[in-house]
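**Student:** Spelled out, the chains give:
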Amino acid sequence: MKKILLALALVFSTAFLFAQQTYPINGSYDIRPGLYAFTNANIVVNANQTISNGVLLIKDKIIQSVGTGTAIPKGYVVVDLKGKYIYPSLIDAFTAYGIPEAQRTAAGGFGGTRQSIFTSTKKGAYNWNEAIRPETEVRSVFAIDTKKADDMRKAGFGSVNVINRDGIARGTSAAVTLNDASENLVIIKDQTAANYSFNKGTSANDYPSSLMGSIALLRQTYLDATWYKNQKEEYNISLEEFNKQQTLPQLFEADGWANILRAVKIGKEFGKDYIVKSTGDEYQRIDAVKATGASLIIPINFAKAFDVEDPAEARNVSLGQMKAWELAPTNPSVLEKAGINFALTTFSLDNPRDFWTNIRTALDNGLTEKQALLSVTEVPAKMLGISDKVGSIEKGKLANFLITSDNLFKTGNIIYENWVQGKRFVVSKMDVTDLRGVYNLNADGIGALTLKITGTGGGTVAAIERTGVDSVKTTATFVRSGDWVSINFNLKKNPKGDIRLSGYLTSVSPIAFKGEFALSEGTIGKWTATFKEANKETPKREEPKPVIAANGPLIYPFVAFGNTLQPTAETVLLKNATVWTNEKEGILQNTDVLLENGKIKAVGKGLSAGTAKVIDATGKHITAGLIDEHSHIAGSGGINEGAQSSSAEVRIADIINSEDVNIYRQLAGGVTTSHILHGSANPIGGQSQLIKLRWGKLPEELKFAGADGFIKFALGENVKQSNFGTGARFPVTRMGVEQTFVDDFTRAKEYQKALAVKGNNVRRDLELDAIVEILNNKRFITCHSYVQSEINMLIHVADSLGFKINTFTHILEGYKVADKMKAHGIAASTFSDWWAYKMEVQEAIPYNGKIMHNVGITTAFNSDDAEMARRLNQEAGKSVLYGGVPEEDALKFVTLNPAKMLHIDNKVGSIKVGKDADVVVWSDNPLSIYAKAEKTFVDGIAYWDLEKDAQVQKAQQVERARLIQKMLDSKNKGGRTQRPTGIPQTLYNCETLSDYSADLNEAMEGAHSHE
Amino acid sequence: MNKYILTLFFVLATTVASFAQANISPAKAQTKKIVIFGATVHVGNGQVIDNGYIIFEKGKITGVGDATVVKLNMTDAEMITANGKHVYPGFISPITNLGLAEFESVKATLDFQEIGNMNPHIRSIVAYNTDSKVPPTLRSNGILMAQITPQGGTIAGSSSVVQLDAWNWEDAALKIDDAQHVNWPVTPRFRGGFGGARPGFSADALAERTQKAVSDLDEIFAQAKAYAEGEKPTTSNARLAAMENLFNGKEKLFITADSQKDIVAAVNFAKKYGITPVIVGGDEAYLIIDFLKENNISVVVKQPHALPNNVDDDVNMPYKNAAALANAGITVVVSIDGYWQQRNLPFMAGTVATWGLGKEKALQTITLNTAKVLGIDKTAGSIEIGKDATLFISAGDALDMKTNKVEQAFIQGRSINLDNLHKQLDKKFSDKYRIK
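Residue numbers (this note's numbering), protein chains in the order written: chain X, 1 to 1011; chain Z, 1012 to 1447.
It is possible that part of the hints are untrue.
Unchecked claim - Below, simulated BS3-like cross-link-like pairs (lysine-lysine); rule was C-alpha separation at most 25 angstroms, straight line:
1. X:LYS971 <-> Z:LYS1272
2. Z:LYS1096 <-> Z:LYS1082
3. X:LYS932 <-> Z:LYS1434
4. X:LYS822 <-> Z:LYS1434
5. X:LYS822 <-> Z:LYS1439
6. X:LYS703 <-> X:LYS954
7. Z:LYS1096 <-> X:LYS820
8. X:LYS395 <-> X:LYS370
9. Z:LYS1331 <-> X:LYS948
10. X:LYS820 <-> Z:LYS1438
11. X:LYS954 <-> Z:LYS1331
12. Z:LYS1447 <-> X:LYS584
13. Z:LYS1416 <-> X:LYS932
14. Z:LYS1370 <-> X:LYS932
15. Z:LYS1372 <-> X:LYS932
16. Z:LYS1439 <-> X:LYS820
17. Z:LYS1447 <-> X:LYS822
18. Z:LYS1438 <-> X:LYS822
19. X:LYS820 <-> Z:LYS1434
20. Z:LYS1443 <-> X:LYS820
21. X:LYS822 <-> Z:LYS1443
In case anyone wonders, no lab produced these hints; they're calculated from the structure.
Just chain X, same shape as in the assembly:
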């Protein structure tokens, strides 16, 4: 009952101003004219125009006129704003205001409790996958949140874009004002944008579990929606709505610069220009971000300094984290200088009021006030298509404006009032009499005292002083309520106990009070106070602008061992080495290798140096760069999309992570090319990506240009989920695995046929597209495999359905079917000596490589492990131990042979004139445990240099020390700090199952939980 009353009361209280035509009123109507004239103000019309001594007229919710010398018609409430400022109220383009927190399902993952849920659990004719939910409309779920509205208004915001941050296709957002009237009145645009993300949110479906899965699902949804328009087979609300929303602005929530690039790439595939909400790290790769052409929405949330007083704890903070702390505040200014169109959001701030602290930090770091204002007014208004209503002070627009004491961005500026839709919200009372000063206080029977009122605003702190006999100096409690004051103090003696004064202002100029007082023993008397003089200001030194110590340089990538300058290719002559050519010349003694323009220019004895930089390699060995056929480094957001038995649609190409320190670590082990594979959670995995280890380059620049596409298949315990999972996903036996392949390839053939029919409306299926590519020899299989029965099986399936198997990877029982593999021309990429970790490797033997090699199979050793990849040369050495493979052949296991099976042996894999200058200089025989990779060249660039590394480490120590000192300084100045927690290193192997969305959500919650 009480609740209802309260609700009614709220309705009444708002009804007076904002009459809703359609809503009945209980009682008499109270519709007020809402006519106000604001005079003598400095009106900041927009970022480019300020009117001094201006007049603003508003009527009801709308601005009637802005200008100077305006005659004020009768009937207006006049507000004199002499010396004060009017600004348009701010706009936040990215909030979850008024949307209830979504209930998230518990994270699944390895051994998790998640059930297998394959398709939508929602009632209604919706999309198969719950993460595609464009039918969600903010306008139908939004509810005013008075508490949050108040917080936002106090920070100066007048309207916000509301997003239901749930799902990959999230439906439409709406623009609302922060008025506290009814929903019908505050919604100023019902559909501002169609919203997207890579996070599946509350979706109960297993798929997608990885970032690449999210990307694939979004891609497929675009295709499905196009198909849907021209079909009569099904009714699908989600696709119906998806199509309708394509004319709206498209807003993508991405996390970090790498995801901006990913989102924009998808957008371009489908002709969409996303506005991207990111996380504020764009300065790290500003050129790449700029090149996307995307408009951005950027939070202004800067990390707190780490508490690094304990050096042992400080070790947990990485250089990347420290540099991010230092450089993040430069982000807005970097964006501005780059000419990127961007809005600023309060999103992810603990409290909207932190917005002002942070924006001033950004201004100190070079952001201009003009840009700052644009980014919270006109830019977001334009992005959201609400420029006709908000964003500037213009006739016809909503009366959304701020009244401030000063320039909005100036330290000490006070926001007095925030008017939203013509309704006044007082933030800080205007025109309060300033009571600060020194007074003669006289109280009956106590004698003359001095009262001193100081503090902020009109005065908040008081002190009492008595000179002469019983001299005393004490603070007093001082409470002010409008013109009423109460003062409480204790003089110790004469009289004893507290003296309680209360009284009121009797005169303003000069200020005078009078009132009554009470002593502790009950005596009551009268007191007066008269203004004596102004407070003697201790001459306030103009606070020196905080000297911003120079920031450290950017590094590429933005982690330890990153380069301040991108290394470039030099002409290098490596002199007098033992050269393992991998060609018919074999191993050459006392031979030179010349690298020029990223290629091997010459190999021979006594080569002339010319202009080349000469490196004496006497006593050293030179080999081609190592090639890892099976790697899972340099990926983001999971490398398994195992929720379905086939995930041929997902692409490692979409999730390459250029910032993975393992790239550098593997260069230190002589690796130059890595084949980044999907994991082995399902029979048909995803499309793989070949990369070169170009440390510091962008994800796209790591890709091995012109290489054939591959796809990961898998057999055995992993795909039948013997050791994890619910056992509910097909297949769970090797028998079922066969049928998965039969089914997919059969469907792919029929699909290809159907597509060939003119005028067809076959639904484009990215999964089958990949299989069709295999059938057409445009994509090649590398298949994770262990026992001989399954190897034999896939060979049979391939024969019967007419496709080729390029490589069996792992292939630990390859030695049992080597003759069959040889007959089919299938290559083998195995481990040197792994066994006993699963039942299916009970007969895995280290002689496997040797036997397959001797049978005539192209044989390689791979890593599947970020650690082992650092010493693949030693793994090759083990083929000498186990089976006596000749050394020259053994080295080919990790160089030329993987190049052959990856179809890149025309470019890499041997020391041959014309091939890429991917070359390693070793201290010793490369197959020996005693060999160190001293230099690793990729495209003629020495990305690894053992000597230079020592210098880099030293420089890094200095840089860390500088940043630690800076953090300590920040802490000493009262800056907030956070506990040092390291960032866990993400290491993937075949079996890593992850949950990208759950990780994201955890990260999000975590960001708020550890103050």
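For this one, chain X is given, so just place chain Z on it according to the hints.
**Tutor:** Just chain Z, lined up with the frame of chain X:
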């Protein structure tokens, strides 16, 4: 025709039954004096004899020296000429679940981790499976002894040291219950997720949990010490009783700790009970070398073939860790994770040699140092008179995979069978394809 050949091979395979794994029998006791002559003898204590000889009788070494000056009595002796070859003391694998696990993913074969947090009464020796197919694959790379160690909890239990050629665990045992293994409670450095957060647990809550675990450990040690000193109570306690030998020095205390703070805490904890512990792991031990030396602490470093703990760390730090400690004068033992992986132990020492320690000192980290730390150095760990003749002959440098080639190995003087499952399968299929 093909079929015929196949059948023929099957017949062959069955007739050469002595190759089948089940029949790789432990070797019989040494009966005849054996002399190895002309080899480079790596003594295991840092010394090398370039052209050396070794004599052993009844399982014990009776002579070692320079072959160029010696006169040998060859009556009733078997002579092994080993010119150009290398002889090493048998390598010792510390801290391994060898024989306690057969297939990592098959629960029924896993016997190394008991439930419960305080398990000092748990003993590995009784579960050590001498018939595991794994040990023969280690022996053929020179690993002839191992410390079979239980895992998990705060107190994991007692390890025992075995030799790898035995009929049963009794035969195998070199030292039963050599050490108790404690995992020092640690606060997770990374709080889950990639944002570094673990929802539900604040940093303080996690630190508190760690503190509680340390208190629990302290409590059981205090009680065990009192239990050991007092009269035998009417109600006996197997856990407390099992800890008695820690306080009288009969059993060692191994504590796994990696961060500098944890290592210091662990050492000081043990000292309180009059125990000098062995530190296992020791990632950050190099940061507190003085402390370790002052307290005479030995360190079992984890496998050098590992990734650095921190993104910012020297990418080769794990390779260099052992050398940094050993060169500062600390007794260092090199280990490697797991059980089947132990056959790579020699190459861990090789890596340590490459990255700053030198070959003979590196050899010590898998032989004499290990024997010392395990408390078996009276009988094992080096090729010295009076010790067990547990050693092997390799055609080349055994610390390098390129040259490691174990041709003959002896455990307590017994010439052991170097065959294993892998060699058998190699032979089976090489024969099938008629290749070498």
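**Student:** Give a verdict on every hint.
**Tutor:** Status of the hints after comparison with the structure:
1. X:LYS971 <-> Z:LYS1272: 24 angstroms, holds
2. Z:LYS1096 <-> Z:LYS1082: Satisfied, since the Cα-Cα distance of roughly 20 angstroms is no more than 25 angstroms.
3. X:LYS932 <-> Z:LYS1434: 31 angstroms, violated
4. X:LYS822 <-> Z:LYS1434: 22 angstroms, holds
5. X:LYS822 <-> Z:LYS1439: Holds, at roughly 18 angstroms.
6. X:LYS703 <-> X:LYS954: 31 angstroms, violated
7. Z:LYS1096 <-> X:LYS820: 40 angstroms, violated
8. X:LYS395 <-> X:LYS370: Within the cut-off at roughly 22 angstroms; holds.
9. Z:LYS1331 <-> X:LYS948: OK: LYS1331 of chain Z and LYS948 of chain X at ~18 angstroms, within 25 angstroms.
10. X:LYS820 <-> Z:LYS1438: Answer holds: LYS820 of chain X to LYS1438 of chain Z is near 19 angstroms, not above 25 angstroms.
11. X:LYS954 <-> Z:LYS1331: Since the Cα atoms of LYS954 of chain X and LYS1331 of chain Z sit roughly 17 angstroms apart, the hinted pair holds (cutoff 25 angstroms).
12. Z:LYS1447 <-> X:LYS584: Given that 25 angstroms is the threshold and the Cα spacing comes to 23 angstroms, the pair holds.
13. Z:LYS1416 <-> X:LYS932: Holds, because 22 angstroms separates the two Cα atoms, which is no more than 25 angstroms.
14. Z:LYS1370 <-> X:LYS932: Holds: LYS1370 of chain Z and LYS932 of chain X sit about 15 angstroms apart, inside 25 angstroms.
15. Z:LYS1372 <-> X:LYS932: This hinted pair holds, its Cα atoms lying about 19 angstroms apart.
16. Z:LYS1439 <-> X:LYS820: The hint holds at about 17 angstroms.
17. Z:LYS1447 <-> X:LYS822: 17 angstroms, holds
18. Z:LYS1438 <-> X:LYS822: 19 angstroms, holds
19. X:LYS820 <-> Z:LYS1434: With Cα atoms ~22 angstroms apart, LYS820 of chain X and LYS1434 of chain Z stay inside 25 angstroms; holds.
20. Z:LYS1443 <-> X:LYS820: Distance ~13 angstroms between LYS1443 of chain Z and LYS820 of chain X Cα, so the pair holds.
21. X:LYS822 <-> Z:LYS1443: 14 angstroms, holds
Hint compliance for this structure: hints 3, 6 and 7 are broken, all remaining hints hold.
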